[in-house]
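Q: Residue-level listing of the chains:
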Amino acid sequence: MENPKSIVRINDRKARLVGIPAISLLITGMVHFDELHLLDTGLFKNLLLAFANTFLLWEGNRLIFIYARHHFPQYHQTSQRIVIQSVVSLAYTLLVSVTMDYWFCQHLLHINQEMSLLFGFRLALIPTAVVTLIYESVYFFESWKANVKRTEALARENVQSQLEVLKNQLDPHFLFNSLNTLAALIDENTDAQAYLERLSDVYRYVLVNRDKTTVSLEEEMAFLNAYIYLNKTRFRENLQVETHIAAAAYRQQIAPLSVQMLVENAIKHNVVSKDKPLIIKISHEEENYLSVENNVQEKTLFEKSTKVGLQNIINRYGLLTERQVEIIRDPAFFRVRIPLLQN
Amino acid sequence: MKTLIIEDEYPAAERLQKLIRSVDETIEIVGVLESIEAAGKWFSTNRAPDLIFSDIQLSDGLSFQIFETFSVKAPIIFTTSYDEYAIKAFKVKSIDYLLKPIKLQELEAALGKFREMRVHASPVDYALRIESLLDALPTAGRKYKTRFLIKQNDQLLPISQDEIAYFITANEMVCLVRKDGKQHLADYTLDELDKLLDPRLFFRLNRQLIAAMPAIHKIHSHFNGKLKLDLKPETTQEVLVSREKAHLFKDWMEG
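As given, the protein sequences belong to chains A and B, one line each in that order. All residue numbers in the first sequence are consecutive under the working numbering, ending with 974. All residue numbers in the second sequence are consecutive under the working numbering, ending with 354.
Hints were generated in silico from the structure; no laboratory data involved. Hints should not be assumed to be uniformly reliable.
[Said to hold, decoys possible] The calculated BS3-like cross-link candidates involving lysine-lysine, where the alpha carbons are at most 25 Å apart (straight line), are:
id	chain 1	residue 1	chain 2	residue 2
1	B	K294	B	K244
2	B	K101	B	K117
3	A	K843	B	K187
4	A	K843	B	K192
5	B	K244	B	K212
6	B	K294	A	K843
7	A	K863	B	K202
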């Protein structure tokens with residue numbers, strides 16, 4: 632993000648070049664209206680005085696404005712900034728007008744005009760307030776514009792990154808056409824054909840169901856069987872999966888890819904070998920839960936688990952049901968219980 | 100049994116032929132076509148086969164365009180790798196399809212189903228079924244329906260949109276009335292037609308009528324801001340356009 636302190640740049644040169652003489656003229660005209668027709672040195676002196684006053688007040692208050700912006704750049708500091716800026720501005724305006732009236736005019740120039748108390752201050756108050764308000768609103772508008780631009784840029788970037796994600800995704804058309812070509816190439820090898828069919832089933836299921844909130848347990852288990860087939864081709868009898876699910880349970884709903892993710896985690900985190908076969912038990916349990924359990928034989932050299940998979944299941948179920956996903960850790964086994972949902 | 104394969108990838112076509120032969124040696128493959136263009140040539144010189152296997156995405160477009168041009172009187176089994184929209188439409192219209200990579204079991208099941216269906220379905224039914232698939236597909240390569248297939252006894256009568264005067268509901272049936280006054284039952288509701296027809300050529304006058312522009316013979320002002328129309332060919336009941344629709348109707352007439 633842009634450093635907010637660097638924003639305090641005001642493009643007000645023209646405003647100052649025109650505004651300061653204009654206000655000087657206006658004030659002189661208003662205060663010395665009766666003497667205007669004389670056009671004498673007195674009037675000229677008054678004009679110069681008004682100019683000096685306006686110049687000092689404008690420039691000084693402008694600096695106060697800039698410093699206030701600099702020290703309180705954040706939007707949430709606005710009220711704090713405005714209070715402090717107003718107090719300092721008022722004090723400065725008072726100081727300048729009093730100095731000009733009593734010290735400069737009366738002591739140095741010895742102009743002894745009949746003046747009410749703090750006449751210069753009262754006179755300066757309204758133009759100062761108006762000019763400060765203009766600064767405030769122009770500045771507000773500019774930062775609002777900058778903000779809108781930034782939001783737009785952010786949105787563009789967001790779309791761009793989404794586009795990149797999409798680009799990096801393998802086109803499913805290409806994937807399945809390639810698998811079909813591969814099927815033609817491997818021809819008579821029935822094991823390879825069977826593997827390929829399951830592989831394409833697994834990918835198709837992921838593509839079709841990843842956006843669904845729930846699927847039937849039957850669909851998920853058919854997919855899981857294809858997934859297990861692929862893994863058993865790799866691990867053979869070193870991976871054993873047992874399922875105990877009552878026929879009636881197959882009609883219940885489950886979050887898609889949830890059982891598969893648990894099986895995938897079990898294979899990822901544990902040793903699968905001839906001496907230490909990994910045994911995964913998937914069973915329908917009391918209170919309508921589906922339990923996925925495996926014997927724990929953690930890999931020693933294993934990249935630290937990110938816990939994304941399990942957390943993802945917990946989050947998804949948090950949106951689906953009040954019932955909790957239960958995680959049971961034991962030195963000997965690891966078990967996750969996920970609630971089955973009524974159709 | 101004569102079978103045609105429309106497929107633009109050689110290994111895929113070869114594998115399909117091999118699989119078909121392994122299911123039933125008596126199936127004769129009469130051609131393997133790789134594009135819409137090749138299919139166009141084939142269909143204009145050959146009689147429809149008994150069965151067609153057709154890929155969806157061909158090198159020069161979607162195979163639906165072929166069936167758009169030729170009302171093919173043969174059952175089609177589509178082969179597709181991943182066309183979500185098409186698959187949805189296949190399911191709705193119960194049109195057979197095979198997912199790639201094609202599995203032997205699924206091919207067997209599809210051929211079995213085809214043989215069963217063949218007993219009581221006529222070629223005209225197949226053509227109508229594909230026609231309704233094309234109506235349901237948003238990606239079928241056409242914007243609006245330009246042609247209707249009307250079943251007359253065992254014949255299929257194609258009617259172009261230029262021949263149509265209006266569609267009118269009577270006794271809960273929708274009747275297609277041609278400019279020459281001939282009438283046919285249309286197998287659509289007016290709401291369906293409203294979506295299918297080109298809105299520049301057809302206008303939904305009221306709950307009973309959708310008319311083509313040349314059928315509007317005279318327009319009279321009716322009380323209460325309504326319009327009363329004379330259509331050609333004449334209707335038995337008077338045709339009114341509501342006040343709300345009147346200005347839309349005038350805009351449409353003026354183009």
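Q: Against this structure, judge whether each hint is valid.
A: Now the hints, each set against the structure:
1. For the suggested pair B:K294 and B:K244, the alpha carbons sit about 9 Å apart, so the restraint of at most 25 Å is met.
2. Restraint check for B:K101 and B:K117: the C-alpha separation of about 15 Å stays at or below 25 Å, so the hint holds.
3. Between the alpha carbons of A:K843 and B:K187 the distance comes to roughly 15 Å, so the proposed pair stays at or under 25 Å and holds.
4. For the suggested pair A:K843 and B:K192, the alpha carbons sit about 23 Å apart, so the restraint of at most 25 Å is met.
5. Of the pairs offered as hints, the one joining B:K244 and B:K212 is violated, with about 30 Å between alpha carbons and a cut-off of 25 Å exceeded.
6. Distance check on the hinted pair: B:K294 and A:K843 sit about 29 Å apart at the alpha-carbon level, beyond 25 Å; violated.
7. For the proposed pair A:K863 and B:K202, the alpha carbon gap of about 21 Å is at most 25 Å, so the pair holds.
The structure shown violates the earlier hints numbered 5 and 6.
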